[in-house]
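The listed protein sequences correspond, in order, to chains Y and H.
Per my numbering, the first sequence starts with residue 1, numbered consecutively.
Per my numbering, the second sequence starts with residue 1001, numbered consecutively.
Careful: at least some of the hints might be erroneous.
[What the hints assert, rightly or not] The following label-pair restraints were derived from C-beta to C-beta distances:
#, chain 1, residue 1, chain 2, residue 2, range
1, Y, Asn23, H, Tyr1014, 51 to 61 Å
2, Y, Tyr243, H, Gly1185, 37 to 47 Å
3, Y, Leu26, H, Gly1124, 51 to 61 Å
[To be verified] Simulated coverage check for chain H against chain Y, where a stretch passes if three residues somewhere in it have a Cβ under 8 Å from a Cβ of chain Y:
#, stretch
4, 1081-1095
5, 1108-1121
[Stated by the list, open to error] So these bits of chain H aren't anywhere near chain Y, every CB distance computed over 10 Å:
#, residue
6, Gln1073
7, Met1140
8, Arg1148
It is worth saying that the hints were derived from the structure and are not from the lab.
Values in this document were obtained by computation on a predicted structure and should not be read as measured data.
Glycine included, C-beta positions come from ideal geometry on N, C-alpha and C.
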Amino acid sequence: MWSTGARALFRREILRFVRRPKNTFLPPAITNVLYFAVFGIVLGGRIDRIAGFDYILFILPGLIVLGTISNAFENASFSIFHGRWNEYIHETLTSPLSYLEMVVAYVAASAVRGLIVGVIIAVIGALFTPVTVEHALYLVVTMVVISVLFAGFGIIGGLWARDFDDLTVMNQFILRPLVFFGAVFYSLEMLSPLWRDVSRLNPMVYMVDSVRYGFLGYSDLVPLTSLGVLVGLTAAVLAIDVYLFERGFGLTD
Amino acid sequence: MPPAIETRDLRKEYGELQALSGLSLTVEEGEFFGLLGPNGAGKTTFINTLVGLVRKSGGEARVFGHDVETDYQQARDAIGLAPQEFNVDRFFPIREVLAHKAGYHGIPQAEAERRADDALERVGIYDKRNERFDWLSGGMKRRLLLARALVTEPDLLILDEPTAGVDVQLRHDLWELVTELNEEGTTVLLTTHYIEEAERLCDRVAILNEGRKVTVATPDELTERGTDTIAVRLESPPATAPTLGEYAHETSLSEDRLEVRVDDGGSMAPRLLNDLEAAGYEIVDLEITRTSLEEIFVDLTDREDRTVTRSSASGREDGEEGRPEDDRETEKRETEGIA
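With the hints as constraints, model all of the structure from the sequences given.
Here it is in C-alpha cells:
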C-alpha cells in the first residue's frame, strides 16, 4: 500500500501544492487574518462570551476546520480533475500502482495540505489570542480524520466534475454552507431544539465540535461519539474512492 | 515466453458503436508489429485497452501472459506508451515529469532521475530538461512522449502514431531510435497512417477496419498480394485494346500506351510480349510497376467496407434500404478520411 510507486505519487502531489504557496497557503492565511480581525476583534468585543470563552477563541476551532477541510477537498478535487482535463492522469493510470495505492497517495497528500493550512490558521489565531490545547491527542486524531475524510470527498468531486464550474459549485455552494451551519460561529446550545436536531444531520457539526473539544475542552456532543461517526464516515468514503478508481469512474472509457 | 500481446475476441462497445468487434491478435516477444487502419478502425481503442484507459466489453487481452484486468499491475509495468495525444503533466519541468513516471513504476528516486536524464538525452532534448511541457516545440513534445515511454525501460513499447505531424528529420530520428530499441530486444507495437513507415520498420502488420482484423502479414507478403501493371508503348497502336489471355486481369489503351494488370509482372512480361508480337504489334518500350502497399491497404479496407456495408444493408429495415450502395460507401470514406 505504501510502495515506492505510491510514495512517488504522494511526493508529486505534495510538490504540486508546496511549490505554489501563493495559490495554496497564502489565500487561507489572508482570509483567516480577516476572519480573526473582523469576527474576533471588531465584532467579538461586542459579543458575549460563549460557554465561558471569548468569542474569538470560540470560533477558532471552527475556522481551523473550515480551512482544513476546504483545502483538503480542493486539493484532491482539483488535482484529480485537472489531471483528467489535461489527461495527464493517464501517467498514473497506466502505471503499475494498485487502485488502492493511487487513492492513498492522492488522499494522503491532500490531507497533508489540509493539515498544514489548519496549523497556519492556528498560528494566526494565536497571534490574536492565547490558544490552549486541552486534549492534544484527541485533537490530532480528529484533525487527521477530518482531513482524510474531506480529501476522500475531494476525490469523488474530482472524478464527478465535468467542468471547472462543478468544482466551484461543490466548494462554494455545498461545502461552505455546511461549514457555516456547522456551529463554527455559534454554539448548538443557542439554537432551538428543532434546529439543534436538524444540525445533527450536518456532519460538519461533529467535526467542529470535536476540534473545539480538542482545543477548549468544551463540546455540545459526546466527543468519542463524534470521533466514531467521523471515522466510520471516513472509512466509507475511502472505500467509495477505491471502488470508483477500480470501476474507472470518470477515468476510463 | 508468452506472447507480448495476445487478444482473443476482444470487444469494446460504446452504446451502438462497436469500436472493437472480436479482435484476436498475437504479437510475439521481440517483434516490431504495425497496426494499420483508417481513422476509427479501433487502433487507439485496442492500445488503450491494453494499458487500462479503456475497459473492454468482452473477450481477453494479455500482455506477456498477464491479463490486463486481473493482473493489471504486471501488465502495465511491462508497457511504455507514447500516445497520440499530448497528455503530459504541465506542473513540472519535463525532467521531473519523467522521474515521477519512473517512480510510479517503483523505481527509487535517485535512479528515476538518472533514467530521466538518460531518456532525455536519448531523444535529444536533454538541454530542455528544466522547461515545462508547454514551452516545448511540437517536435520536442513528440520526443518527450517517447522519452516518457522509455524511462521505465519497458519490455513492450507502444507508439500510437508517433510521427504524426513531425518533420522529416525528426521522423527519421524516431525511426532510427525505435529500430535500435527493437534490436535491443524491446517489442514494439506501432500504429501509423504512414504506409512507408510500416513497410520500412515492421516485421508484421495487422490491418484493422471497423474494429476487426482484415489481415495480418509481413509487408512483403502484403505487397505480393497486390497486382502489377505492365505498361508497353506500341509502334502502331490499334483503336481498341487487344484481347489477351486470362492472365490479364484488366487492359486499357491510351494513345500508344497499353496497360495490362497481371498478378506477377516479372513472370508475365515475356508471355505478354510474345502474345503482342504474335498479334503483329511492335513494342517500343516496356515498364513494370508493382502495386504499392498503400494501394493494397486501400484496396483491403475498401473491400472490407464493401463487405460490411453489404452485410449491414442486407439486415437493414429502415428507410436507407433503397439507397445505392456506392453512395453509402462514398459517404463512409469521406467521413472516415482514410489517410
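- Message: Name the hints, by number, that the structure is in violation of.
- Response: 1, 3, 6 and 8
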